[in-house]
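Based on the provided sequences and hints, a complete structural model is requested.
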Amino acid sequence: MQLYEKNLKFLEAKAPLLYKTITEETPLYQINIEKIQDQNNYIMESKEAKCFMQSVYDIENEVKMMLNKTGKDVDTIILFGIGNGYAIEYIIKNYEGLHEVIIVEPSVQIFKSYLANNDFSALLKIKKDLVISFILNQK
Numbered sequence: 012m013q014l015y016e017k018n019l020k021f022l023e024a025k026a027p028l029l030y031k032t033i034t035e036e037t038p039l040y041q042i043n044i045e046k047i048q049d050q051n052n053y054i055m056e057s058k059e060a061k062c063f064m065q066s067v068y069d070i071e072n073e074v075k076m077m078l079n080k081t082g083k084d085v086d087t088i089i090l091f092g093i094g095n096g097y098a099i100e101y102i103i104k105n106y107e108g109l110h111e112v113i114i115v116e117p118s119v120q121i122f123k124s125y126l127a128n129n130d131f132s133a134l135l136k137i138k139k140d141l142v143i144s145f146i147l148n149q150k
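Under the working numbering, the first residue of the sequence shown is numbered 12, with each subsequent residue one higher.
Please keep in mind that the hints were generated in silico from the structure rather than gathered at the bench.
The C-beta atom is built at its ideal place from N, Cα and C for all residues, glycine as well.
A hint or two may mislead.
Estimated spans, in silico, between C-beta atoms of each pair [claimed, not checked]:
#1 K61 x E23: 30 to 36 Å
#2 N128 x Y68: 16 to 22 Å
#3 P38 x N79: 30 to 36 Å
#4 D69 x K20: 30 to 36 Å
#5 T37 x G82: 36 to 42 Å
#6 G108 x I47: 34 to 40 Å
#7 Q41 x V115: 14 to 20 Å
#8 K139 x E23: 20 to 26 Å
#9 K46 x D84: 34 to 40 Å
#10 E56 x K150: 16 to 22 Å
#11 A127 x K61: 19 to 25 Å
#12 I113 x F21: 18 to 24 Å
#13 K58 x D140: 41 to 47 Å
#14 V142 x L14: 21 to 27 Å
As structure tokens, then:
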């Protein structure tokens, strides 16, 4: 079974509203996503812009810079965009007092690419008492 299908089955059982959004709703934004060969990175393109999903130089440094003003003692973090999952994994592993992460991802296509490349159930096992909420495909 492919990773994407495994993740869909997991979401169908554990998060049916998120599953329904992924499988039934029309994407709010029309973007093209092209995988970069030999990397867990993509080029995203809309009518207005074209860019890489993550840094092509140093993804870990990109995530550290993004969070450099966030104190390690916070209990909730709101993350705008899931990307390839680097930021959420970094946050879970490095913010010990964290109780909740809210991920706002307006693009169903980006979320689907995340599910195709990351084991969603494994993410939830890193820190079992952490609540992860998603706002997907909403303006």
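Taking the hints in turn, this is what the structure says about them:
no.: 1; hint: K61 x E23: 30 to 36 Å; result: 33 Å, holds
no.: 2; hint: N128 x Y68: 16 to 22 Å; result: 20 Å, holds
no.: 3; hint: P38 x N79: 30 to 36 Å; result: 32 Å, holds
no.: 4; hint: D69 x K20: 30 to 36 Å; result: 35 Å, holds
no.: 5; hint: T37 x G82: 36 to 42 Å; result: 39 Å, holds
no.: 6; hint: G108 x I47: 34 to 40 Å; result: 35 Å, holds
no.: 7; hint: Q41 x V115: 14 to 20 Å; result: 19 Å, holds
no.: 8; hint: K139 x E23: 20 to 26 Å; result: 21 Å, holds
no.: 9; hint: K46 x D84: 34 to 40 Å; result: 37 Å, holds
no.: 10; hint: E56 x K150: 16 to 22 Å; result: 20 Å, holds
no.: 11; hint: A127 x K61: 19 to 25 Å; result: 21 Å, holds
no.: 12; hint: I113 x F21: 18 to 24 Å; result: 20 Å, holds
no.: 13; hint: K58 x D140: 41 to 47 Å; result: 42 Å, holds
no.: 14; hint: V142 x L14: 21 to 27 Å; result: 24 Å, holds
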